[in-house]
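> Sequence:
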Amino acid sequence: FLKRRICFLEIAAIVEHTLSCYDPAAPDSVDAVLAIDAKARILAGERVQARQ
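Going by my numbering, the sequence shown opens with residue 1, and the numbers climb by one from there.
In short, the hints are calculated from the structure, not lab data. C-beta atoms are modelled at their ideal positions from N, C-alpha and C, and glycine is treated no differently. There may be inaccurate statements among the hints.
Claimed, not checked - Pairwise CB distance ranges, derived in the manner of DEER restraints:
| id | residue 1 | residue 2 | range |
| --- | --- | --- | --- |
| 1 | Arg51 | Val30 | 27 to 35 Å |
| 2 | Ala50 | Phe8 | 15 to 23 Å |
| 3 | Asp28 | Cys7 | 34 to 42 Å |
| 4 | Gln49 | Asp28 | 26 to 34 Å |
| 5 | Ala25 | Arg5 | 25 to 33 Å |
| 6 | Phe8 | Asp31 | 13 to 21 Å |
| 7 | Leu9 | Gln49 | 17 to 25 Å |
| 8 | Leu9 | Ser29 | 30 to 38 Å |
| 9 | Glu46 | Ala26 | 21 to 29 Å |
| 10 | Ala50 | Asp23 | 15 to 23 Å |
| 11 | Asp28 | Arg51 | 29 to 37 Å |
| 12 | Ile11 | Lys39 | 12 to 20 Å |
With these hints in hand, go ahead and build the complete structure from the sequences.
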């Protein structure tokens, strides 16, 4: 959004898509949280690229 790759109104759809791809198992460590975050960033980035 801030880099003008998506419009503000697309943020919710990208977040929704990213969360729908997430396995709901609870992380059990900080490393697990960081791994989930990294995967989510990749998924969101792919979704942004697909919309362009």
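> Against this structure, judge whether each hint is valid.
Consistency of the hints with the structure:
| no. | hint | result |
| --- | --- | --- |
| 1 | Arg51 x Val30: 27 to 35 Å | holds (32 Å) |
| 2 | Ala50 x Phe8: 15 to 23 Å | holds (18 Å) |
| 3 | Asp28 x Cys7: 34 to 42 Å | holds (37 Å) |
| 4 | Gln49 x Asp28: 26 to 34 Å | holds (31 Å) |
| 5 | Ala25 x Arg5: 25 to 33 Å | holds (30 Å) |
| 6 | Phe8 x Asp31: 13 to 21 Å | violated (33 Å) |
| 7 | Leu9 x Gln49: 17 to 25 Å | holds (18 Å) |
| 8 | Leu9 x Ser29: 30 to 38 Å | holds (36 Å) |
| 9 | Glu46 x Ala26: 21 to 29 Å | holds (24 Å) |
| 10 | Ala50 x Asp23: 15 to 23 Å | holds (21 Å) |
| 11 | Asp28 x Arg51: 29 to 37 Å | holds (34 Å) |
| 12 | Ile11 x Lys39: 12 to 20 Å | holds (18 Å) |
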